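Listed below are the residues making up each chain.
Number of protein chains: 2
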Amino acid sequence: MEEEKKLDAQMSRRSLLINAGKCAVGAAGIAAVASALPGFVSKAEAVGGATEKWPWPYVKLDPEKTAEIAYNEWYRVFCGGAVISSVFSQLREKVGEPYKSFPIDGFVFLEGGMAGWGTVCGSNAGANVVSNLIIGPRIAGPDCEHGHSVGADMMDWYSNTALPTFAPREPKQKTAIIQTTSNSPLCHVSVGKWMKSSGFALASPERKDRCARVSASVAHKLVVDLNAWKDGKFIPRSSWTPGKTVGITGQQNCNECHGTNIPAPPMAKTEVKK
Amino acid sequence: MEEEKKLDAQMSRRSLLINAGKCAVGAAGIAAVASALPGFVSKAEAVGGATEKWPWPYVKLDPEKTAEIAYNEWYRVFCGGAVISSVFSQLREKVGEPYKSFPIDGFVFLEGGMAGWGTVCGSNAGANVVSNLIIGPRIAGPDCEHGHSVGADMMDWYSNTALPTFAPREPKQKTAIIQTTSNSPLCHVSVGKWMKSSGFALASPERKDRCARVSASVAHKLVVDLNAWKDGKFIPRSSWTPGKTVGITGQQNCNECHGTNIPAPPMAKTEVKK
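Residue numbers (this note's numbering), protein chains in the order written: chain A, 0 to 273; chain B, 0 to 273.
Simulated from the structure, these hints should not be mistaken for laboratory data.
Every value quoted in this text rests on a predicted model; they were computed, and no experiment measured them.
Check each hint, because a few of them may be wrong.
Any copy will do: because identical chains look the same in the list, a pair fits if it lies in one copy or spans two.
[Said to hold, decoys possible] Below are the DSS-like pairs computed for lysine-lysine, each with C-alpha atoms no more than 27 Å apart in a straight line:
1. 99 with 64
2. 99 with 52
3. 243 with 171
4. 243 with 192
5. 243 with 195
6. 207 with 243
7. 52 with 93
8. 243 with 173
9. 173 with 64
The following block holds chain A by itself, in its conformation from the complex (with noise of 0.2 Å):
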């Protein structure tokens, strides 16, 4: 099993280095190279956005200051904008554009698993908009691999761990708040597993404050591991990359859903090297 690990960390550390290679033909990455040949006319300036040049600035973080915003925020903008706006709202001050350009609260959508529908977490989705767009996305090249794993280490943190880690200094709610392990970076099992354990509705106070120090609990670990990209030691711990080794994108909770009887995905011929 820790082999299989293992064998799935370099596996998914090779291909991410396969794939930022292959796609370093893409826009951002011409605008990388082209930076280095002085009078070649950049595609990603032609066709690409202003802000579309990764890394985006960045200077490091409070961690308990950035929650504190976030579990504020999560009260305006829920649980997806409150955990931009924890990190953006900083760098906007901090650094200014593009951080200033970029539409924060129009991610209010995330809320509710995306318009109430209970998929993916606004936190996770949140934490991975943030680390995507300070790092890069994964077809910038390869000093942009990070963006996709810091987010990808959150779904896999966030699905492992008993939320919420942060408690705010000045709680909205005073009623203790237990922790659960979701074992899924779903907001529909998040917050029905709280809901179970606790007895707390989805319309009470509680489940509220809830879901805002889960949003806060994601910001501090997400600057945790920014700032330690930021100082060149971030590493990346999970190593889930279903679609390589399952054949089919998923979480990690098969039985879950499927209970005993999972069904296996019809798989790619393997490639005979002669």
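Since the structure of chain A is provided, determine the placement of chain B on it from the hints.
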């Protein structure tokens, strides 16, 4: 059942209007009010981003052309990026800002249901990014109500439609691509059902082309809806408000994961008006 649907639709509309009204005290809402009051210093202008004024300028686009762009962009930036790029790249040319400043390529991470975890299909996520950024988030006031509802309608349509509905003029794969109905907005469920019915693997060129066509199908419907909104003729079709009706965020296919043993969430006490 039909009555329930009507009631849900009414409740949904009512709650959206109530929420929109409530949220007009948010930053963007204050901006809307402030614009009518000379000398009033807008909170949105002070702390919000340069692009946080809604709706963004929109000119009607050709759904067929948009779908063709999405299809081809899938092979560069995958599902979520393709839907965003198909609309925003045209508006960069026809309108300019704020589309030029929006980092389209940063949204590659929506691929594979967010970093490969199989959660919400990136096409749905991309459509929600587009509708909520063009029309605005629901907290920005009543004029922005349909940012949420165009996005929510997409989740419903995606779940209940045999996809893909769109075939490109010059398909990269000549093999017939069958249509399947996911009953879910999730990547894992949507792709998994198609793989099961078609027999093609995740890594197959046919599966990739199917996903490119799904992104194109979503982009097509998105522009049809945005054009209707621009003409003042958009009418929301989705009445799915599970938080209000069943007490938890969720999809419409409870049985598929829960079987017949669907847990009852703890409900908030009903307020008795005296």
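To see whether the hints hold, each was checked on the structure:
1. 99 with 64: within (20 Å within a copy, 32 Å between copies)
2. 99 with 52: Intra 15 Å, inter 13 Å, cutoff 27 Å: intra and inter.
3. 243 with 171: between (44 Å within a copy, 23 Å between copies)
4. 243 with 192: This pair counts as between: shortest inter-copy Cα distance 18 Å, intra-copy 29 Å.
5. 243 with 195: between (34 Å within a copy, 17 Å between copies)
6. 207 with 243: between (37 Å within a copy, 15 Å between copies)
7. 52 with 93: Close inside one copy (19 Å) and across copies (22 Å); limit 27 Å.
8. 243 with 173: between (46 Å within a copy, 25 Å between copies)
9. 173 with 64: Close inside one copy (20 Å), not across copies (55 Å); limit 27 Å.
When held up to the earlier numbered hints, the structure conflicts with none and fits them all.
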